[in-house]
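Trainee: So the protein sequences, as listed, match chains A and B.
For the record, in the first sequence the residue sitting at position 158 is 182 according to our numbering, with numbers rising by one throughout.
For the record, in the second sequence the residue sitting at position 39 is 63 according to our numbering, with numbers rising by one throughout.
These are computed hints drawn from the structure, not numbers from a lab.
Keep in mind that a hint or two might mislead.
For identical chains, the list gives no copy identity; a pair is met inside one copy or between any two copies.
Dumping the calculated EDC-like pairs for lysine to aspartate or glutamate here, alpha-carbon to alpha-carbon at most 16 Å [stated by the list, open to error]: (1) Lys62 x Asp102; (2) Lys33 x Asp134; (3) Lys33 x Glu167; (4) Lys225 x Asp210; (5) Lys62 x Asp210; (6) Lys33 x Asp235; (7) Lys33 x Glu179; (8) Lys225 x Glu192; (9) Lys62 x Glu167.
Predicted model, so just to flag it, every value in this text is computed and none were measured.
2 protein chains.
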Amino acid sequence: MQFESSDIKAMDARRRAGMINSVSGFKSANLIGTSNAKGQTNLAIMSSAVHLGSSPPLLALVIRPSNDQHHTLANILDSGCYSINHVTSTIVEQAHQTAARYPAGISEFDATGLTPLWHEGFGAPMVAEAGVKLGLSLREHHELAINGTNMVIGEVVFVEVPAGCIAEDGCIDLAGAGTVALSGLDTYYQAVAPKRMAYAKTHLPPRVLSDASGQ
Amino acid sequence: MQFESSDIKAMDARRRAGMINSVSGFKSANLIGTSNAKGQTNLAIMSSAVHLGSSPPLLALVIRPSNDQHHTLANILDSGCYSINHVTSTIVEQAHQTAARYPAGISEFDATGLTPLWHEGFGAPMVAEAGVKLGLSLREHHELAINGTNMVIGEVVFVEVPAGCIAEDGCIDLAGAGTVALSGLDTYYQAVAPKRMAYAKTHLPPRVLSDASGQ
Numbered sequence: 025m026q027f028e029s030s031d032i033k034a035m036d037a038r039r040r041a042g043m044i045n046s047v048s049g050f051k052s053a054n055l056i057g058t059s060n061a062k063g064q065t066n067l068a069i070m071s072s073a074v075h076l077g078s079s080p081p082l083l084a085l086v087i088r089p090s091n092d093q094h095h096t097l098a099n100i101l102d103s104g105c106y107s108i109n110h111v112t113s114t115i116v117e118q119a120h121q122t123a124a125r126y127p128a129g130i131s132e133f134d135a136t137g138l139t140p141l142w143h144e145g146f147g148a149p150m151v152a153e154a155g156v157k158l159g160l161s162l163r164e165h166h167e168l169a170i171n172g173t174n175m176v177i178g179e180v181v182f183v184e185v186p187a188g189c190i191a192e193d194g195c196i197d198l199a200g201a202g203t204v205a206l207s208g209l210d211t212y213y214q215a216v217a218p219k220r221m222a223y224a225k226t227h228l229p230p231r232v233l234s235d236a237s238g239q
Numbered sequence: 025m026q027f028e029s030s031d032i033k034a035m036d037a038r039r040r041a042g043m044i045n046s047v048s049g050f051k052s053a054n055l056i057g058t059s060n061a062k063g064q065t066n067l068a069i070m071s072s073a074v075h076l077g078s079s080p081p082l083l084a085l086v087i088r089p090s091n092d093q094h095h096t097l098a099n100i101l102d103s104g105c106y107s108i109n110h111v112t113s114t115i116v117e118q119a120h121q122t123a124a125r126y127p128a129g130i131s132e133f134d135a136t137g138l139t140p141l142w143h144e145g146f147g148a149p150m151v152a153e154a155g156v157k158l159g160l161s162l163r164e165h166h167e168l169a170i171n172g173t174n175m176v177i178g179e180v181v182f183v184e185v186p187a188g189c190i191a192e193d194g195c196i197d198l199a200g201a202g203t204v205a206l207s208g209l210d211t212y213y214q215a216v217a218p219k220r221m222a223y224a225k226t227h228l229p230p231r232v233l234s235d236a237s238g239q
């Protein structure tokens, strides 16, 4: 099926949001943990983490100006730090529930039953039940004039990986760590049958290092 | 396992890149199709597409200043348009091979055997063999001072979805369309067993709309 610009503009807003949220392909599903100056915690699911570079280790996060992500942004700008926690298949339901518009006085940790976990000397809570967990220190904040979204750039200051899920070469076994992939706004997938490729060279054909897909 | 900032800094560069490229979770795997003013085509695999908003429909793409993505950026800035094409499990090998550093005179289409497909009136080639295919019109370009990466913001001007892979509510069935998820730099996964959640409300518990995971 084909949709031109005029078709996209003419769509019902919810249908357009459904389509445009899925056109980029699979997304990460992360819980962003923050705290305000009073120690009030907040937890929000986001799918917009993107790698900027590994030296220094930087990730960007696109935060939408809607109500439910407003507290997260305010806490990040206030405290200068936040955690990124991988949603695993065992906590999909609680993780998704953090998207509900709880008022500022209610922590999504309490509302969903997920457990805050603190890292020595770091001012934002992680999620105990999550898989891979990261601490980030705010480095830059940009408001994107084009549509009022916010881009937050953070440096990774610590990484916690479940036992046995990191290889000698540094690569994390996301499937082994239980991490799920997100499609659109609400559909969570498990990942299977990895095919690992060798570093691409112009003078060599593609070389498969390992293939569990059976293809 | 736990890695502090000092551990991350002390890592061998390749190992650090492996880890930091996988800490954000699963990523999209897209082929970016472009053309220069002479009609010379270019194709590059990227994992950094991120949703900015659906009205207008905007996606951002982070492009690294390394050699192999330099031609793509130059073509986008020159022509003002580019295509985003989902890597499917059937073209993982060719798609990964586009990351090799071919010289400017060689099109990755020719080098990998993937087929350029043109959309009426649009100046960048799509990939015939890909799943979901998008055309984007350049809206903004930012160089991120923090590490010299480039962020390109584009408006989606057309969307092509394989038959039967889009629901009434606009959501695309990525698994049905064959789209794969990427982990790190080189590991491609199929996605299975989706669990779809209802819109989260504060006064209702999490509600599973459908669950193929058997959990």
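Trainee: Evaluate each hint against the coordinates.
Mentor: Outcome of the hint check:
1. Lys62 x Asp102: Within one copy, since 11 Å is at most 16 Å while 50 Å is not.
2. Lys33 x Asp134: neither (40 Å within a copy, 36 Å between copies)
3. Lys33 x Glu167: neither (24 Å within a copy, 29 Å between copies)
4. Lys225 x Asp210: between (38 Å within a copy, 13 Å between copies)
5. Lys62 x Asp210: neither (32 Å within a copy, 43 Å between copies)
6. Lys33 x Asp235: neither (42 Å within a copy, 32 Å between copies)
7. Lys33 x Glu179: between (37 Å within a copy, 12 Å between copies)
8. Lys225 x Glu192: For Lys225 and Glu192, the Cα distance exceeds 16 Å both inside one copy (22 Å) and across copies (43 Å).
9. Lys62 x Glu167: neither (26 Å within a copy, 36 Å between copies)
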